[in-house]
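> Sequence:
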Amino acid sequence: MTDPAKVLRIYRRHVDSGATPEASVLIRAFAQLGFLFDPNSFFSTADRQLLTAHKDFRSLAHDLTKLHGELPDAAAPLLLYSMACLEYRCAPLLPSLLDSVQRCLPNWRTEALSLLLHSLASLGLASPSGAEPIVFDLVDGRRSEDYSQLCRQIVQELGRRALQVEEGLAQSSEWASDASLHDWSRAAFSVVMADLCDTSTDAAGAVPVLPLLVARACEQLQDKDELDKTGWSQFFLYQTLYCVDVEKPACEEAVKRAMPMWVQEWLHHRWLDNIVLQAQPQGADQMQRDVDLSLKRTNTQALLNCSCGRDWDEQHCWFAGFMLEPQVAIECDSMLPLGPGRPRPSGWIALKTRILRKIGLQVVTLHHSFWNHLSEDQKDEQIIRIRADVGYKHSKELEKRQKKIRQEPYTYKGIETKRKDWTPQAAPPSDEQAFA
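Residue numbers (the UniProt record's numbering): 1 to 436.
Hints were generated in silico from the structure; no laboratory data involved.
No experiment lies behind these values; they were computed from the predicted model shown.
The beta carbon of each residue, even a glycine, is placed where N, CA and C say it ideally should be.
It is possible that part of the hints are untrue.
[To be verified] Below, computed lysine-lysine pairings styled on DSS-like, alpha-carbon distance capped at 27 Å:
#1 393 to 358
#2 396 to 296
#3 248 to 358
#4 55 to 66
#5 224 to 296
#6 393 to 296
#7 379 to 393
#8 358 to 256
#9 55 to 6
[As the list claims (entries may be wrong)] Each pair of labels, with its calculated beta carbon distance range:
#10 305 to 424: 25 to 35 Å
#11 205 to 22: 39 to 49 Å
#12 3 to 385: 39 to 49 Å
Using the sequences and the hints given, assemble the complete structure.
Structure representation (structure tokens):
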């Protein structure tokens, strides 16, 4: 089933039947919607946002939250992955799902742990230092426990399993021996996205996890032809390599040594034409369009989805939402907040912010939870304030080069708009003269 509207109709028909909604039906409907908008889909970001704003989808998320006590633990990876695909952080439902992940952490298979880590990192639920707690408001008014260390626990578990594979102990384990290249590479990129590069398998910090994950992924590659057919794994590996080169964690050298040189060279050769073009999201989201209109109203020169990198980079790996001069990036965070007044960017925006700041850009993040409550004049005022704070520079030469937008419709000679040959009679100066 590839039509989101049909999935919502089936859910609505099930709810309107009068019987108590079944958890299995709700889980399957939510998961199907997530799969329809996965990274390989042709739907744009705006389409995804239209779906998550629909009343039937909100009703589906509400019904799932009401049945959180009946959801099996096995449904947690499925629902979290669907949230990540839909870029929809359902705060009331997340505590029960995260409890399931934490409760069954040693029992998940390696591919499930890799999927869980990527989903949590994409939803922005990782706090490397632990200084920013990840807590949610529960239905009864209490606060949930702090989940800021859950991603680190998953990374450490993956590191222990990767180490067992290296030592040849995985044959006796059901969950570590069958992990694929995609699982290991996705886990490696998720570690980078969660800013957990220096996480180690032991308390002493002697064995960093990230080089182990990269090594497990690369040891499954035999030649260039096989690498060309690995899909998203190419994106994960190259972005991991680039981010490590920019952020320079303590395990930088170990990560680069874990990836064979021929893999690095071939990924670098294929990056622009064969990898990054297929990995970019389709279209702009609704908030980005709204910010673009505000930039135009305030006559602010900004390049949309502009690539950026270090001065010596041969090719760029990242795209700023809006690029202003001098060296200013504006990013739009459309993710739902953790709670009222507690916005938190997605993992992708957080990683992009770190990378852009490392290469010398100022980064301003606009949160949808605040931006959406502003009037048009207030939005323009925010843009003007940002311009003043970052030292925005307006280029007169660029303004001259930009093509002026025509304000009158173009027409051909001979079919011009016909002028009116009738004019209304002038009104009399007074009512007395009108009826005289």
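> If a hint holds in the structure, say so; if it doesn't, say that too.
Right, here's what the structure says about each hint:
no.: 1; hint: 393 to 358; result: holds (22 Å)
no.: 2; hint: 396 to 296; result: holds (15 Å)
no.: 3; hint: 248 to 358; result: holds (10 Å)
no.: 4; hint: 55 to 66; result: holds (16 Å)
no.: 5; hint: 224 to 296; result: violated (46 Å)
no.: 6; hint: 393 to 296; result: holds (15 Å)
no.: 7; hint: 379 to 393; result: holds (20 Å)
no.: 8; hint: 358 to 256; result: holds (19 Å)
no.: 9; hint: 55 to 6; result: holds (14 Å)
no.: 10; hint: 305 to 424: 25 to 35 Å; result: violated (51 Å)
no.: 11; hint: 205 to 22: 39 to 49 Å; result: holds (47 Å)
no.: 12; hint: 3 to 385: 39 to 49 Å; result: holds (44 Å)
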